[in-house]
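Engineer: Chain by chain, the residues run as shown.
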Amino acid sequence: MRNLTIAMTGSGGTGVVALGEMLLRAAAGAGYYGILRKTFGPQIRGGESAAVVRLGPRPLASFCGEIDLLLVLDWSHFQRFADEIPLSASTLIIEDVAAGARPQQLASELLAREQGVQVLDFSGLAQAQGSAHSNIALLGYVAAWLGCDGEPLQSAIDHRLHKQGAEVVALAHSVARAGAELLQQAPINLQPPDAGAAAESPWLATGNQLAGLGALEAGIRFVAAYPITPASDALEWMAGRIESLGGRLVQAEDELAAVNMAIGAGFGGVPAMTATSGPGLALMSEAMGLAVASETPLLVLDVMRGGPSTGIPTKSEQSDFNLAVYGLHGDAPHVVVAALSLADCHYSVAWATQLASERQTLVLVLSDQFLGQSMQVLPPLPSLPFHAELSRASLPPPAGADYFRYLDTDSGISPMALPGQPGGEYTADGLEHSQSAVPSARAQDHEQQLAKRQRKLQSLAASTQWGEVSALPQARILILCWGSLFPVALEAQQRLQERGTPVTVVGVRLLAPLPLESLLRSMQDMAQVLLVEQNHQAQFAHYLQSQLTQAQRAGLPELTCYSRPGPRLFTPQEIMQQVEGLPRA
Amino acid sequence: MRNLTIAMTGSGGTGVVALGEMLLRAAAGAGYYGILRKTFGPQIRGGESAAVVRLGPRPLASFCGEIDLLLVLDWSHFQRFADEIPLSASTLIIEDVAAGARPQQLASELLAREQGVQVLDFSGLAQAQGSAHSNIALLGYVAAWLGCDGEPLQSAIDHRLHKQGAEVVALAHSVARAGAELLQQAPINLQPPDAGAAAESPWLATGNQLAGLGALEAGIRFVAAYPITPASDALEWMAGRIESLGGRLVQAEDELAAVNMAIGAGFGGVPAMTATSGPGLALMSEAMGLAVASETPLLVLDVMRGGPSTGIPTKSEQSDFNLAVYGLHGDAPHVVVAALSLADCHYSVAWATQLASERQTLVLVLSDQFLGQSMQVLPPLPSLPFHAELSRASLPPPAGADYFRYLDTDSGISPMALPGQPGGEYTADGLEHSQSAVPSARAQDHEQQLAKRQRKLQSLAASTQWGEVSALPQARILILCWGSLFPVALEAQQRLQERGTPVTVVGVRLLAPLPLESLLRSMQDMAQVLLVEQNHQAQFAHYLQSQLTQAQRAGLPELTCYSRPGPRLFTPQEIMQQVEGLPRA
Amino acid sequence: MLKAKQYKSGVKPIWCPGCGHYSVLNAITKAFAALEQSPEQAVLVSGIGCSSRLPAYLNSYGFHGVHGRALPLATGLKVARPDLNVIALGGDGDGFSIGGNHFLHACRRNVDLVYVVMDNEVYGMTKGQASPTTPEHWQHSKLTPHGPEVRPFQPCALALAAGAGFIARGHSGDPNGLAQMLFAAVKHPGFAFVQVLSQCVTFCPEQVQWKEQVHAESVGTDNPAEAAHFLHSDDGFAKGIFYCNPRTPWPLPHDSQATDLREGFRL
Amino acid sequence: MLKAKQYKSGVKPIWCPGCGHYSVLNAITKAFAALEQSPEQAVLVSGIGCSSRLPAYLNSYGFHGVHGRALPLATGLKVARPDLNVIALGGDGDGFSIGGNHFLHACRRNVDLVYVVMDNEVYGMTKGQASPTTPEHWQHSKLTPHGPEVRPFQPCALALAAGAGFIARGHSGDPNGLAQMLFAAVKHPGFAFVQVLSQCVTFCPEQVQWKEQVHAESVGTDNPAEAAHFLHSDDGFAKGIFYCNPRTPWPLPHDSQATDLREGFRL
Ligand SMILES: Cc1ncc(C[n+]2csc(CCOP(=O)(O)OP(=O)(O)O)c2C)c(N)n1
Ligand SMILES: Cc1ncc(C[n+]2csc(CCOP(=O)(O)OP(=O)(O)O)c2C)c(N)n1
Ligand code: SF4
Ligand code: SF4
Ligand SMILES: [Mg+2]
Ligand SMILES: [Mg+2]
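Residue numbers (the working numbering), protein chains in the order written: chain A, 1 to 585; chain B, 586 to 1170; chain C, 1171 to 1437; chain D, 1438 to 1704.
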């Protein structure tokens, strides 16, 4: 059950990110599970970059705080990643001879460490074959150590380089082989992680891709969006596929256009979405209110990054919670869902796609840069039972002259006619309206429609999809989290159990309407509840408190909140530390 | 101490709104205080309209639920105002002969009522003089009853009609006189309200105008905005005056431009603002985050209307609270202030103007259609000690090469250089940055700047301007409200006291950061706290709860929340009813 | 086959008596009758403004969206549902002020839509502020007491520079002519822009004079340079189809085989 | 008097080696030297994009705003602080896609600003998506695998139709010529638009060919119809000041006596 984390740093052109990707793929081919994170400086090209790969015998959905092995192709700018690649005394460091001067602050520390620094001539190996790619030599070397330098490594290289032609590929193979051979002379003083029996044909995917998959599989056939980091690659993945399903993706002139286009398509009965990040989401606020008021299905995926304003575009944070839950004008109830892992991007987005159609309203899905852009080896995902069209089709057809688009039904859901359907003609409206869709400023109509729009979401709070519970029988401590912290909390749970502290972990998928009963149930027998989230203001924690009555709150165990912003990823260790620091834990 | 409420209805062209305005002005000239509300249908011209005037011997800042006198020039569409003009058995009705058929639903009820319906020939009176303006005849009639048909009425007519030339004015005078004379033959079976000794030279103003006054007096010298109901008239008032102060107003192409223009001016050191309503505020969300992150002073006035989406543009509601407090992406602390009365539009906006400059951030002021567009007779407002430039000037000047724009000071406020100042050159940025304003993605810089931006607002929670407290010694019930419900709650307080139920009323002016200590202090000795607000989701009530720790909450009296949406105005009566319905009250 | 009147919904317009928008409504119903349009296959999409209230007065489907966004709403609908006849409409404020960017990009993108702007050179709905087409020295708004002091927008010239393939101007005083123009616009493949001079009698009573000022022009051309020349010397009162140069509407069809969405994830 | 280099801030640009934006930076410093610009009196205002990072590299005041809003930010600043030399700048995505509406209205409003668009026909910062000026069949973005299939924007023609009084095009391969153009743009009273062809070597390496394609033109005219004619037959690679027709910049001065703000409230 040994996992291991390998970090790679270099500056632009040294190809550490390519190294990370090929390494993960090769390892996966040899039965490893794993996860890869890439991190860049602000430069588009030529700047610093790093990759972190974690490998082990079971699916890995998070990173831990430890770096076991650091591979250095270039030391310059290493300090920029100091926060993200925390070295410890036991980190083994392997550097290329050409890596340049070690960073000042590190130099003395490095000499005094338990594990030394191993200097090897990867660039020389590459050069000897006429290649400038020391990263490939290093790849071969590490792959050999992992035992995946045969077919798995070859096909990882092929996959990455085949577009550059047979010669490039052949050269890479031979440079990699040279690297692999080096292992015999210069063994790595560290036991490789355990390889497992990976699934029949494991998948390699990013959360953004899986979000795209969830959307398309659940029936999204129209996408309009404006590029923004870190949402663009979800869009790019869909762009290459949606037309084969008979759908269309439009690159809009801005986010205002994108979201309104999606609303237009949704009105036409075609399940539609947009994807964006914080600044774009802010721009969509007005139109999201239109989807709510006009009761038009709309799916919005927000891949969160550091805020406020332009903030830290390439790093992860959970700080758009407030905007997502509260950021519309007027009383505008809508649904907010958070993806709980890379794989859950698939599930959450597919569910959300169905919900938008079924409830005829705005459904927002929160993902983040970590989920969206990390790449994971995972067992093939099951097909899901979520379908936007099906749920739409189950609505009663309009009944001719008596058709009331905004009929005040018990469920709050009214029959929605689609253009082309004779007898259903109506004008959707963001103005307050009567049941028959005629604009109205009357108190009675306003109150009726407000109540109806709220009511149609309430039953959702009881849906079984509300969240994930990982319960341990003796647990008296609950770790409550949402979104991408869930896998981190799960790992903390496992480690705590190893230390004899059983905790239960709940990851909330449905943020609004809040599944209060389920949450109260999960809290009721606990001595302590620890809320963790990745933002500065403890946004979810405040929201949770806002939803509790005085009586409910009085009946609860003590709530402790541990919240801090990005860009540093959350680690299981810091959650464990919080658990261990709880008053009576 | 008798107040009296007079409602007037007609359809377009009958001039009820003009009637209301002239009546209020004439009454003010005779020593009355009063308040006027106008209400329209969706038509721009020719539709239904109504005006409600309340008069009495003391300043009146709210309406009550009772209509004492209904003046009808035209019955058609009366039903559209049924919610807003609730007739009771004791309402006296006076109608013009030409008012047309009484509404079906009302007809039988009207006949069976205590007070009859008095039918008079105002149109005939006007026609006899060759005028089509029955409203002027009615004006003279009512003015005579109020005892203001002499000079006060004449100057009210002059004020309204002088632009139309001497002939029109003269005719109006004589039609009004004929109306006044009618009173002798047809007295009004109702005692007029008491007139008081109004202030030396009372003011007649709308809340929007007073907001404009507060802004300009506190130093706003740049306005950029896009027209929207019900904010436009605040802008129009300023447009006619700002240039005489050396400032400028720009009508922007949209709200995105407007808010960014204001940020540009604020960066230049010129106190700047924009004004809008819900849909426009939603569009400003992204740029408001820029003001927060770049620490640029920005004042945004939101005159709230019914939501969500286009909603009910001409009616009042307090439903933009969530958007105002939470509607930015990322962790984006800012200030939110709510005006507590028409007069307080002056105070709150002036204070907010200073705060924006002093704290170098976004300050949002919430007003609403009721405050903004009602017109009140009030004692002249004092000059206020709030000045945007002064507070800006008190900052230390930049210190040459060592100048750090975003210096992490104790107060959280950093010295802000202005373009033109040598040695202060820096680039303001919405990207996260170091103290020296260089973009940075480092955790350390992010945490430092997030904390600093939060810290610089915290001390505000203790400011004496946080709210208004109207305490009664024996009160064991607290009515807690914000914004335009404060005057209504004050009237409820007065009436409850008359009935032997003393209550204390707190109106919260500073919504964010929430003045929690002051609020807890005001709640501590109470048996019951009633929160009232005008929206569907009880937005403020949830927010308050979100800000309380478990311990604070446990120590509090029971909180009951009474929240309902517009468009109906809140009345003292309904608040009283809630108070009387409280569990142990 | 329906008569023009049968395309009305029965909802009473909120417009002021004499407002030009009534004629536009009539012209649309006439064009629909001529097109033998089935009501359920047409969708009228608008923003916010007096003009933007129009969809509710028709018997078709409609979407009364938010201010300035009629075109993206219509674009999304048409791309997703190419079987529908989608007509976007609104006012000069909606289309050229807050909606200006979408106007440019819709002209360029060339989706098969008709876009009707009822240009009254003013914001009617919000009580008479200047719009982008308001004359430079019009001083009747308190918001701009000296007038906008900015040159009015040239919607047709801009549409041409932005790439629109059909550009026309009508007048509400001539609903029959306008109906014919709308007929042609609907038939035109790709984006068709129709500016309609539609008076606001309440805030710009001087616009009743327009009926004396408009003059029909038969300048229809498919040459952009000619059209540009004409539109740059235009007095703003020419009536007619100025430019008509059809190209294949967007989105273009692509051959694409069925894909296994999950394929690429397998090692 | 400062030398060109002395206008740099010392912050190291994040740009890729070979990016055209370096030359634009140099051209600005050269123009500043020629203008004897005091650094504290100039403000560079930008949106978001590789190009929009430029202000931080200069020794002047700067504002790196949000995506697409450089022009309103600059407009507010200039109207409030007419004493400053305000230069707005950014990329083709920032200026013509999300910022398109502000571009139109800035041309029309004619505030005394310079607006420099570093046009590389791509979104550099977000890794190579199509922008409004991207060629119709450029298929190098995964977001538009068949290419945008939409005709590229004509920024100069649009600026003219929108009412800009100064319209020029430069090339990053000619920083001296560009510096002269910028000098003239700053001197021009009112809004001055300068499109700069500035290659993105990373996502459009083909743009290094631009240096062979550009050709200087001396078409400077103050006649809009002539300019329109030229710009409608332009191949996109002409270099020069195409149109220069100064008019009084906005806001116009008005006589206004001091007012008692409180006056109107008294009965
Ligand atoms: C986001 C937003 N901003 C402003 C408004 C206010 N508003 C409503 S209609 C309108 C202008 C309408 O003018 P136009 O489009 O010319 O239509 P007209 O009324 O003249 O027919 C404005 C500014 C709004 N509803 N939403
Ligand atoms: C509201 C918003 N939407 C999208 C983005 C993402 N974004 C950043 S820069 C950019 C495009 C930049 O392209 P361009 O202006 O041409 O500049 P270049 O990088 O090519 O110099 C985009 C789409 C953003 N930052 N904000
Ligand atoms: S205000 Fe003008 S545009 Fe609006 S309905 Fe009246 S006349 Fe028509
Ligand atoms: S990505 Fe392109 S535009 Fe951006 S810095 Fe690199 S070369 Fe320049
Ligand atoms: Mg208009
Ligand atoms: Mg670009």
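If you're looking for bench data, these hints aren't it; they were derived computationally from the structure.
Worth double-checking, as some hints may not be accurate.
Below 25 Å or equal to it, Euclidean Cα-Cα: the simulated DSS-like pairs (lysine-lysine) are [said to hold, decoys possible]:
no.: 1; chain 1: D; residue 1: K1564; chain 2: D; residue 2: K1579
no.: 2; chain 1: D; residue 1: K1624; chain 2: D; residue 2: K1445
no.: 3; chain 1: A; residue 1: K38; chain 2: D; residue 2: K1440
no.: 4; chain 1: B; residue 1: K623; chain 2: C; residue 2: K1297
Engineer: State for each hint whether it applies.
Structural biologist: Results for each hint:
1. K1564/D x K1579/D: holds, 10 Å
2. K1624/D x K1445/D: holds, 22 Å
3. K38/A x K1440/D: Cα-Cα ~42 Å, so violated.
4. K623/B x K1297/C: holds, 15 Å
Hint 3 from the list above is the single one not met by this structure.
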